[in-house]
Amino acid sequence: MSAPVIEIAGVKKVYRMGETDVFALRGVDLTVNAGELLAVMGSSGSGKSTLMNILGCLDVPTAGSYVLDGIRVDGMSRNELADLRNKKLGFVFQGFNLLPRTSAVENVELPLLYDRTGRWTNPRALAVEALERVGLGERLEHQPSELSGGQQQRVAIARALVTQPTLLLADEPTGNLDSKTSVEVMALFQALNEQGITVIIVTHEPDIAQYAHRVIDVRDGRIMKDHVVATPRRAADDVLTMDAEARVAEFGDAKEAA
Amino acid sequence: MKTKALLAMATGSILKNKMRTMLTMLGIVIGVGAVIVMVAVGNGAQKQIEVQIKNLGTNLIVVTPGSTAAGGASQGAQTFNRLTVADADKIKSDATLLSAVSPVIVTRTQIITGKGNWRTEINGVSTDYLTIRDWGVTSGSLFTDDDVRAKRKVAVLGATIVKNLFPDSDPVGSQIQLGHVPFTVIGVLDAKGQTSSGVDQDDIVLVPYTTAQDRLSGMVFLGQILASASSPQNMVAAQEEIRGIMRDSHGLLGGGADDFTVRDQTAIAQAATSTTSVMTGLLAAIASISLVVGGIGIMNIMLVSVTERTREIGIRMAVGARGSDVLTQFLVESVVMSLLGGVVGLALGFGGAAILGHVMGWSTATPLIAVFVAVGFSAAVGMFFGYYPARKAAALDPIQALRYE
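Residue numbers (the numbering used here), protein chains in the order written: chain A, 1 to 258; chain B, 259 to 663.
Bear in mind the hints are in silico, worked out from the structure with no lab data behind them.
Quick caveat, the model's predicted, so the values are computed rather than measured.
Errors might be hidden in some of the hints.
Which chain A residues face chain B? A few, computed with CB under 10 Å, are given here [to be verified]: (1) VAL32; (2) ASN53; (3) ALA82; (4) LEU84; (5) ARG85; (6) ASN86; (7) ARG101; (8) LEU110; (9) PRO111; (10) ARG116; (11) GLY137; (12) LEU140; (13) GLU141; (14) HIS142; (15) SER145.
C-beta atoms are modelled at their ideal positions from N, C-alpha and C, and glycine is treated no differently.
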């Protein structure tokens with residue numbers, strides 16, 4: 001087995017709110033190996049968002065160590081964190097977070113423009129390729145306002161993929177989507193995971209977590225449960241089932257109308 | 259991040275808010291336009307003055323009475339601070355570097371003819387006067403040395419007076435009255451036009467200075483002595499020579515300050531041009547205040563823009579933008595905006611100056627340097643007023659920026 005993608009030990013995060021200290025994380029240990037599809041569950045205030053921010057190198061822990069893909073993250077400066085995010089991470093958010101009035105392909109291109117290593121020779125071609133990978137090859141020049149929620153989230157996923165990150169981090173990726181689109185997006189995550197990308201999904205919906213291979217529960221700043229799902233549901237199968245059910249319902253409506 | 263991508267990004271986001279961008283730019287447009295127009299008008303005036311000073315006469319040297327008597331009574335009693343015909347004669351006879359010398363007596367009086375009357379300036383001068391002023395007559399002739407010696411009552415009229423009193427006849431040979439004294443018109447001067455200060459040089463009557471002293475002003479003293487240096491190279495030496503003669507004539511050889519002033523036209527020219535250049539500077543300074551106001555407008559809009567685009571900043575940071583990337587982006591946006599405004603203002607300023615010149619009949623000239631200064635200045639304004647909002651954007655925390663609603 002290769003080295004773990006994520007290795008955190010004894011991670012604590014304390015926020016000062018006026019006079020009092022708020023303990024968001026009280027000592028978290030977690031190891032995620034390459035190729036995992038992990039769901040982080042927890043209610044609001046559990047500390048899962050803080051954990052997500054630390055895993056995403058948007059924030060640094062107050063105490064404890066974080067090693068991402070062999071690189072020590074804790075103690076890094078703002079600029080080092082920015083470069084690391086660009087090189088190693090892809091983000092997918094609940095609110096899609098696309099740039100408004102900017103075409104899909106330009107949105108996907110964005111992370112490539114902030115590259116400092118000079119890895120990419122043709123950002124536009126890579127962006128087109130990433131959009132084709134999420135099934136939006138026909139929507140390159142569409143602006144976010146001209147796309148449905150599911151399509152917008154696919155653009156966001158393409159943007160996360162385009163830098164070929166070590167880790168894909170999704171924060172409530174289905175929170176703003178209807179149930180069928182949610183399952184479609186989960187099918188996309190599963191497909192990408194099968195292609196070898198490590199994916200971490202933060203969610204509070206058990207329905208979504210059941211598509212993961214491993215689920216951890218965060219409560220009061222600690223990991224309470226960490227279990228492997230023996231046979232996760234296949235989202236692609238559920239999509240097919242839902243399509244079939246929709247057709248039956250339509251048929252029923254038509255019959256009633258007749 | 260590559261420069262090309264940065265510029266494309268900046269212009270892209272500027273173009274997304276066309277109306278706002280245009281209104282923001284307007285401040286810079288007006289500022290730069292105003293500076294250009296002001297400099298053009300001021301510069302044009304300066305050029306015009308230079309031309310007019312050349313018109314004053316060739317190698318002109320002016321001797322005027324000094325003002326050393328202003329010190330007090332005791333000094334006034336001992337100083338002899340008036341110009342006399344004797345001074346002029348002494349300069350004429352002793353100086354070696356002068357080609358012509360003329361005393362000038364100035365008085366104002368009413369001209370009366372059979373057809374009307376006109377109040378004007380009478381200059382009592384010698385026959386050298388027209389040589390010094392580089393002036394000619396259109397009809398008739400100037401009086402002679404003989405006329406001067408004999409104190410004859412003859413007059414040469416300026417073009418403005420002819421136009422007003424003899425609209426459709428040649429005045430040469432006719433009789434006029436200056437005050438109560440009858441004179442014969444013997445010549446008409448070339449039209450010379452206005453001076454830079456708007457004085458009509460043609461509103462003048464020339465008479466022999468001897469006649470003027472005797473019959474018109476009753477004054478012994480001269481308003482000034484005009485002289486012409488024999489060549490431009492001799493200007494400085496000629497003035498020194500005049501000064502020496504004057505000091506001798508006024509009994510100042512033992513010491514004491516000059517009680518007269520010797521000036522040449524370069525001194526007059528310098529005074530006039532420095533006045534206009536001060537005016538030009540003042541106008542440009544006032545105009546550049548609007549540039550500063552325009553810059554504040556840019557800062558205001560950039561601050562609004564940073565707040566509005568907090569989430570965008572968060573997204574950019576999440577995908578790997580450093581604080582410096584965000585700073586550069588916003589800075590480039592404000593500089594591009596103010597530079598665009600500067601270029602538009604430049605065009606507007608040139609257009610405005612051309613229209614002003616056409617409508618008001620002013621001569622305008624914009625030096626090339628003003629173009630570079632205006633463009634450079636507007637870029638600097640964008641940089642200066644864009645920095646604070648840009649730094650604010652760069653200092654945002656990515657987590658909070660992403661959550662911003």
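Consistency of the hints with the structure:
{"no.": "1", "hint": "VAL32", "result": "20 Å, violated"}
{"no.": "2", "hint": "ASN53", "result": "5 Å, holds"}
{"no.": "3", "hint": "ALA82", "result": "5 Å, holds"}
{"no.": "4", "hint": "LEU84", "result": "8 Å, holds"}
{"no.": "5", "hint": "ARG85", "result": "5 Å, holds"}
{"no.": "6", "hint": "ASN86", "result": "2 Å, holds"}
{"no.": "7", "hint": "ARG101", "result": "5 Å, holds"}
{"no.": "8", "hint": "LEU110", "result": "6 Å, holds"}
{"no.": "9", "hint": "PRO111", "result": "4 Å, holds"}
{"no.": "10", "hint": "ARG116", "result": "8 Å, holds"}
{"no.": "11", "hint": "GLY137", "result": "22 Å, violated"}
{"no.": "12", "hint": "LEU140", "result": "17 Å, violated"}
{"no.": "13", "hint": "GLU141", "result": "14 Å, violated"}
{"no.": "14", "hint": "HIS142", "result": "16 Å, violated"}
{"no.": "15", "hint": "SER145", "result": "13 Å, violated"}
Checked against the numbered hints above, the structure violates hints 1, 11, 12, 13, 14, 15; every other hint is satisfied.
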